[in-house]
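Enquirer: In case you want the letters, here they are:
2 protein chains.
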Amino acid sequence: MRISELAATSGVPAATIKYYLRENLLPAGEHTSPTQASYGEVHVRRLRVIRALIESGVSIAETRKLLAALDDPSEKPSDLIGQAHAAVTPRVDEDLDLGAAEQVVARLGWQPGACDDAVLAGVAQALVGLDRAGFEVPAEVMAAYVDAMQRIARAEIAGIPTDSAEAAVRYVVLGSVLVEPLLLALRRVAEQVASTERFGPKSVG
Amino acid sequence: MRISELAATSGVPAATIKYYLRENLLPAGEHTSPTQASYGEVHVRRLRVIRALIESGVSIAETRKLLAALDDPSEKPSDLIGQAHAAVTPRVDEDLDLGAAEQVVARLGWQPGACDDAVLAGVAQALVGLDRAGFEVPAEVMAAYVDAMQRIARAEIAGIPTDSAEAAVRYVVLGSVLVEPLLLALRRVAEQVASTERFGPKSVG
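Chains as they are written, first to last, in my numbering: chain A, 1437 to 1641; chain B, 1437 to 1641.
No wet-lab data here; the hints were simulated from the structure.
We put the CB at the ideal spot given by N, CA and C, even for glycine.
Keep in mind that the hints are not guaranteed to be accurate.
[To be verified] Over the 10 Å line for every Cβ pair with chain A, so calculated as not near, a few chain B residues:
hint, residue
1, Ala1450
2, Thr1468
3, Val1478
4, Ile1496
5, Glu1498
6, Val1573
[To be verified] Going by beta-carbon spacing under 10 Å, a handful of chain A positions derived as facing chain B:
hint, residue
7, Arg1484
8, Ala1550
9, Val1573
10, Ala1584
11, Ile1596
12, Leu1618
13, Val1625
14, Gln1628
15, Thr1632
16, Glu1633
So that you can see chain A by itself, here it is in the shape it has in the complex:
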């Protein structure tokens, strides 16, 4: 199909598609004449993934890295998870004290070297943010956070398909990034349901 049809099929404006082509996020179409190229189903699928990543707040440069990982199914799952996390982990102060974070994640079976420093630093940074706001997470609640995330991670990692490298890569890269809004949304629903259980229904208004 032509670029105008690709735009209509994918719902992504032609100008945006051209931008993705220039940025090498989308592979070039097959040239049917010196000034025209033809696009196929692979472009439609790839556009959906690009939109999903960008709408999740992933930058163009990071999207390019994740797509490269999607295109290289030779990567090990553990390495891929690291790459996906690196793309979405905000950069943090280098001289962050990791001690408190290490103590929190020790409950996960974490030990030195068990995860990327940047990911551990993400926990440290989040703890600093809470501390600065003067907010202390009660010990039982922190324990519930850690246990819940361990259950989630184990279910996710157990679910990594091993029959096809491509499927594994797709699952890991998209699953680690795109699921974040779902988890936060589910938590909000769960909090409102649990609050109604404890305090009764909300006032009408």
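Please build the complex by placing chain B on the supplied structure of chain A, with the hints as guidance.
Expert: Leaving out everything else, chain B in the frame of chain A:
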């Protein structure tokens, strides 16, 4: 203290403090002369909360609403949770189909009216995002997400202090918003640990 001292103590530049004063995020200081005002510990604490909310991606307008809730301890916890969620829940398409989201949250004990529509729509929007990217969450993994969020929410709601309305408000508003980065960071660590358990350590490099 003067505004310059408040800036030094809080680490927030004086120009930013003046902006927060103009935006009514921060209460005015006590006037000591027609051109000078004096600030106290209450301003330092409030500045920390403002910074924490804004660094979590909450807008100025939403921060103002959350601070108003913090200042009105007469609110019921269930109402406050709704306000905090409303401030951080991204606006979603109005004509979103909520059916799939309702099915997912039914496992939480959710029933019609048990949470704000906007919060339920957040789940629906997240599901649409995954679907568009062609990513299907396996049923066992989805069940793990829902169960984990239910455990988290119950621990959080059980931890709401009831001895002081002010403490309750603080816990609810800050806890529901500021804890999000911590949860996502913990999930990343847990995923890397679980991945190493299943697939062995990452490649060095």
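Enquirer: Does each hint hold? Answer for all of them.
Expert: For each hint, the structure was consulted:
With a closest Cβ-Cβ approach of about 19 Å to chain A, Ala1450 (chain B) is found to remain outside the 10 Å limit, as its non-interface label requires. With a minimum CB-CB distance of about 27 Å to chain A, Thr1468 (chain B) clears the 10 Å threshold, and the non-interface call stands. Consistency note on Val1478 (chain B): stated as away from chain A, and its beta-carbon is indeed over 10 Å from all of that chain's, at 12 Å minimum. With a minimum CB-CB distance of about 17 Å to chain A, Ile1496 (chain B) clears the 10 Å threshold, and the non-interface call stands.
Consistency note on Glu1498 (chain B): stated as away from chain A, and its beta-carbon is indeed over 10 Å from all of that chain's, at 15 Å minimum. At the 10 Å boundary, the C-beta of Val1573 (chain B) falls inside the reach of chain A, the nearest C-beta of that chain being 7 Å off. Taking 10 Å as the C-beta contact cut-off toward chain B, the hint placing Arg1484 (chain A) at the interface holds, the least distance being around 5 Å. The closest approach between the C-beta of Ala1550 (chain A) and any C-beta of chain B is roughly 5 Å, which is under the 10 Å cut-off, so the hint is satisfied.
Checking Val1573 (chain A) against chain B by beta carbon gives a least distance of about 7 Å; that is within 10 Å, so the hint holds. Checking Ala1584 (chain A) against chain B by beta carbon gives a least distance of about 4 Å; that is within 10 Å, so the hint holds. Residue-level restraint check for Ile1596 (chain A) holds (minimum Cβ-Cβ distance to chain B is 8 Å; threshold 10 Å). Annotation: interface hint on Leu1618 (chain A) holds; nearest CB of chain B at approximately 4 Å, less than 10 Å.
Interface restraint check for Val1625 (chain A): the shortest CB-CB distance to chain B comes to about 5 Å, inside 10 Å, so the restraint holds. About 4 Å separates the beta-carbon of Gln1628 (chain A) from the nearest beta-carbon of chain B, less than 10 Å, and the hint is met. Because the smallest distance between the Cβ of Thr1632 (chain A) and any Cβ of chain B comes to about 6 Å, under 10 Å, the interface hint for this residue holds. Given hint, Glu1633 (chain A) at the interface with chain B, holds; its Cβ is 8 Å from that chain's nearest Cβ, closer than 10 Å.
In the structure shown, a violation is registered for the earlier hint numbered 6 alone.
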